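Protein chains in written order, with my numbering: chain A, 2 to 286; chain B, 2 to 227; chain C, 2 to 283.
Treat the hints as calculated values from the structure; they're not laboratory data. Only a predicted model underlies this, so the values are computations on that prediction, with no experimental measurement involved. A portion of the hints provided could be inaccurate.
[To be verified] Derived DSS-like pairs (lysine-lysine); straight-line CA-CA distance at most 27 Å:
#1 A:Lys-151 with C:Lys-72
#2 C:Lys-77 with A:Lys-62
#3 A:Lys-62 with A:Lys-49
#4 B:Lys-124 with A:Lys-49
#5 A:Lys-49 with A:Lys-151
#6 C:Lys-152 with A:Lys-151
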Amino acid sequence: MERSPERSFWHRIQQIPRHYVYLLLAGVVVWQLLFPIRLPVVPSSATKGVYDAIAAVPDDKLVVISTDWDASTEAETAPQTQAVMHACFQHGKRFAIMNLQPPMGVKLANDLAEEAAREYGAEYGIDWCNWGYKYGYENVLMALGKNIPKAIGDDFYGRPVTELPMMEGVEDIEGVGLVVIVTGLSAMTEMWIGLIQGPYGTPLATAYTAVMAPIYYPYLDSGQMKGMLVGAKGAAELEALVDRPGKASAIMNVQSWAHVLIIALIVLGNLGYLFARGRRGERAS
Amino acid sequence: MNPDVYVLWAAAIATLGVYTILHRENPISRLFEHIFVGLSAGYLLVATWTLNLEGKWWAPMIHERRWYWIFAPIVGFLFYFIYSRRLTWLARLVMGLFIGAASGTFFRQFFPLFAPQVTASFKSVRAQAGMNLQEFFFSVVLQNWLFVIILLTVLSYFFFSVPHEGRFGRNLGRASLVGRWFLMIAFGAMFGNTVMARLSLFIGRMSFLLHDWLGSLLPWFGQHGL
Amino acid sequence: MALLRAVWSLFQPAPNRGVLLAAIVAAAILSVFILYALHRTLGPRGRRWLIAVVTFIAGLFFGLEFFWPVKGEPPKNFLTDWIEPVSTMIAVIGAFTVGLGIYSLCQVHGRNVAQRRPGWHNSLTFFLAMLAMLAFGLWEHYLHLPQPLPKVVPWQKGIYEILFNGLFAPLQAATFSLLAFYIASAAYRAFRIRTAEAALMMAAAFIVMLGQVPFGAWLTSSIPVDAGWAFFRIELLGEWVMRWLNMPAQRGIVFGIAIGALAMSLRIWLSLERGTFFTEQS
Numbered sequence: 002m003e004r005s006p007e008r009s010f011w012h013r014i015q016q017i018p019r020h021y022v023y024l025l026l027a028g029v030v031v032w033q034l035l036f037p038i039r040l041p042v043v044p045s046s047a048t049k050g051v052y053d054a055i056a057a058v059p060d061d062k063l064v065v066i067s068t069d070w071d072a073s074t075e076a077e078t079a080p081q082t083q084a085v086m087h088a089c090f091q092h093g094k095r096f097a098i099m100n101l102q103p104p105m106g107v108k109l110a111n112d113l114a115e116e117a118a119r120e121y122g123a124e125y126g127i128d129w130c131n132w133g134y135k136y137g138y139e140n141v142l143m144a145l146g147k148n149i150p151k152a153i154g155d156d157f158y159g160r161p162v163t164e165l166p167m168m169e170g171v172e173d174i175e176g177v178g179l180v181v182i183v184t185g186l187s188a189m190t191e192m193w194i195g196l197i198q199g200p201y202g203t204p205l206a207t208a209y210t211a212v213m214a215p216i217y218y219p220y221l222d223s224g225q226m227k228g229m230l231v232g233a234k235g236a237a238e239l240e241a242l243v244d245r246p247g248k249a250s251a252i253m254n255v256q257s258w259a260h261v262l263i264i265a266l267i268v269l270g271n272l273g274y275l276f277a278r279g280r281r282g283e284r285a286s
Numbered sequence: 002m003n004p005d006v007y008v009l010w011a012a013a014i015a016t017l018g019v020y021t022i023l024h025r026e027n028p029i030s031r032l033f034e035h036i037f038v039g040l041s042a043g044y045l046l047v048a049t050w051t052l053n054l055e056g057k058w059w060a061p062m063i064h065e066r067r068w069y070w071i072f073a074p075i076v077g078f079l080f081y082f083i084y085s086r087r088l089t090w091l092a093r094l095v096m097g098l099f100i101g102a103a104s105g106t107f108f109r110q111f112f113p114l115f116a117p118q119v120t121a122s123f124k125s126v127r128a129q130a131g132m133n134l135q136e137f138f139f140s141v142v143l144q145n146w147l148f149v150i151i152l153l154t155v156l157s158y159f160f161f162s163v164p165h166e167g168r169f170g171r172n173l174g175r176a177s178l179v180g181r182w183f184l185m186i187a188f189g190a191m192f193g194n195t196v197m198a199r200l201s202l203f204i205g206r207m208s209f210l211l212h213d214w215l216g217s218l219l220p221w222f223g224q225h226g227l
Numbered sequence: 002m003a004l005l006r007a008v009w010s011l012f013q014p015a016p017n018r019g020v021l022l023a024a025i026v027a028a029a030i031l032s033v034f035i036l037y038a039l040h041r042t043l044g045p046r047g048r049r050w051l052i053a054v055v056t057f058i059a060g061l062f063f064g065l066e067f068f069w070p071v072k073g074e075p076p077k078n079f080l081t082d083w084i085e086p087v088s089t090m091i092a093v094i095g096a097f098t099v100g101l102g103i104y105s106l107c108q109v110h111g112r113n114v115a116q117r118r119p120g121w122h123n124s125l126t127f128f129l130a131m132l133a134m135l136a137f138g139l140w141e142h143y144l145h146l147p148q149p150l151p152k153v154v155p156w157q158k159g160i161y162e163i164l165f166n167g168l169f170a171p172l173q174a175a176t177f178s179l180l181a182f183y184i185a186s187a188a189y190r191a192f193r194i195r196t197a198e199a200a201l202m203m204a205a206a207f208i209v210m211l212g213q214v215p216f217g218a219w220l221t222s223s224i225p226v227d228a229g230w231a232f233f234r235i236e237l238l239g240e241w242v243m244r245w246l247n248m249p250a251q252r253g254i255v256f257g258i259a260i261g262a263l264a265m266s267l268r269i270w271l272s273l274e275r276g277t278f279f280t281e282q283s
């Protein structure tokens, strides 16, 4: 007795219940988290650009890290931020964290900075500081270019930024040697390039979630960005460059097999579609 | 008080509570969704006051006697007339201020943002002196030539004001078809990156559950895999 | 007690306080009168005209400062020194809009609780969470804790950390991590190669997915890095796809967006647009 088309093997292979797909994904991830097959991560030229840009910052200038991310992209942007902070501390570059949107990012980044500062014996206000969340998007950046203390006001802890020792002599954007944008939101980069990098020539490096990164390759090509970190992969590459393997390196071990699973599922679904369509064609003729 | 243990357990329970939605919609996940929205609203208020208004408005107005800052809330609260049918125009008045400012700001950003994109699009399609055939193929043909072809065909795809009729129109149509192929390649690359991003988020959460939370209960989990 | 002291410190007496208060009250009353007068005297056309004028002036200020010739060192024109104060003022005004979304949320959830609709206890939880974060967030801020933080912190800070790092951040991270399951399921069920273009898209996706991970690099690690055909190492192939196939296409999109955004900005600045915001609803 011939099976009806809906019950053929090739049809059923296209309709595995979603709970099994979820369990398969969770199983692969748990397996690799507990028994990782470690493979080396090779830094790309885009990541090296970020590392070199940090190293090239003059000693009398600040690095501004704009942490425009929140917990929704934490798995990618937190390791990126952490790796950038490690690079700054290792090269002896002072940095200031700030945030334009969303407000959560500045507290998460602050926690990361405190952790890194303990490791390097860095002091708040001397080696790093947190300018906090500043609402206003372009208006904040336009004000930042002209007068940083007035644009920022108080830091994350409610102290006027002018009271911080590292802010002595930092009046306007000329006191900033590099801006590193770590973000999961689009439109932030365009604001920084249009209002700070373009008009003042301030070097810019970026770190994006993998979703957004393809859109910003044109800015890397034009030289408007010195370098770019792409998702957890970029974070893992920078961790390798600063010799501090962390969460991103662990994620990349797992990522390999998760990608293989996704590819296998797509191939499976298409094989089922191809052969099911072939059989339907045979039956019709 | 050392909150670390409480933070760990609260985070684990919250994560598992959200993951119950993978089975189906249920009261536990709905409860945690409402908790999240409430915390988000509360934090927004805290951050806006402590990190913005207190230092940039209240302190100058009250402690430095810059009385003109009183106009900031007067103008700002005009936004709330959006809820009044008769006085909505006051909200549109202040929205006009912001929209006008945004437009003006865009004019400022336009040239610094896009002019380098135009100049960077002029790539050399000739061999450099001393280049051998292999170098020419991999660095000029597979890069610059491809760049020019893709850019022009993709731009032709977005040229909607010229009909694909007549000799020029038909050639434009063929170019836009090629542009569509290249756009599909770009979208495929974006899809690959999107998969990587989404998986990273889940891997990050599972790493927390296994290494941090379970690791605090059973050292084996904390040691394995890191 | 510390909280009360912190609130009182916000109202530290300043010299000439009497004059200050009088000026604030006078300015506020005058502003209300001006707005009332405008509301009474202007009809719909007058109001549209006023909104258009305000929009135009706001855009003109920023645009003019950019285009007006500069001179001196540092280069500036007659508007340059006003950029920072005006931008800061606009940012502060914008910060007062924080209540818009909060008001809508409170309205929806307040109605649920007041009318005991199904799921009203979830709405009550919303209010409790919001008030808890507001209270402990402000309380933690006004404790003015020393830097670096000690291991044992005041209980107010502890509860704030539980709310933020124990609930807020993990809830958001977990919610967005669900997308991994959905993308896996969607890729399996919906990604079908029905056309040549879909095949191109999938090929690019596979190359990028393998090129981004160490496993992909290991697959083609037998190809020497300095060989002529090192191009076919999957990580280099993936990077080539991103930089030389994806990038020009994205730039083409960027050019299109640039022209469109410029045209829209010009239309909005000149109040030529029609739509929900731009026309008064009767």
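Going down the list of hints, with the structure as the test:
1. A:Lys-151 with C:Lys-72: Holds, at about 24 Å.
2. C:Lys-77 with A:Lys-62: holds (23 Å)
3. A:Lys-62 with A:Lys-49: holds (21 Å)
4. B:Lys-124 with A:Lys-49: Cα-Cα ~23 Å, so holds.
5. A:Lys-49 with A:Lys-151: Since the Cα atoms of A:Lys-49 and A:Lys-151 sit roughly 34 Å apart, the hinted pair is violated (cutoff 27 Å).
6. C:Lys-152 with A:Lys-151: violated (34 Å)
The earlier numbered hints that this structure contradicts are 5, 6.
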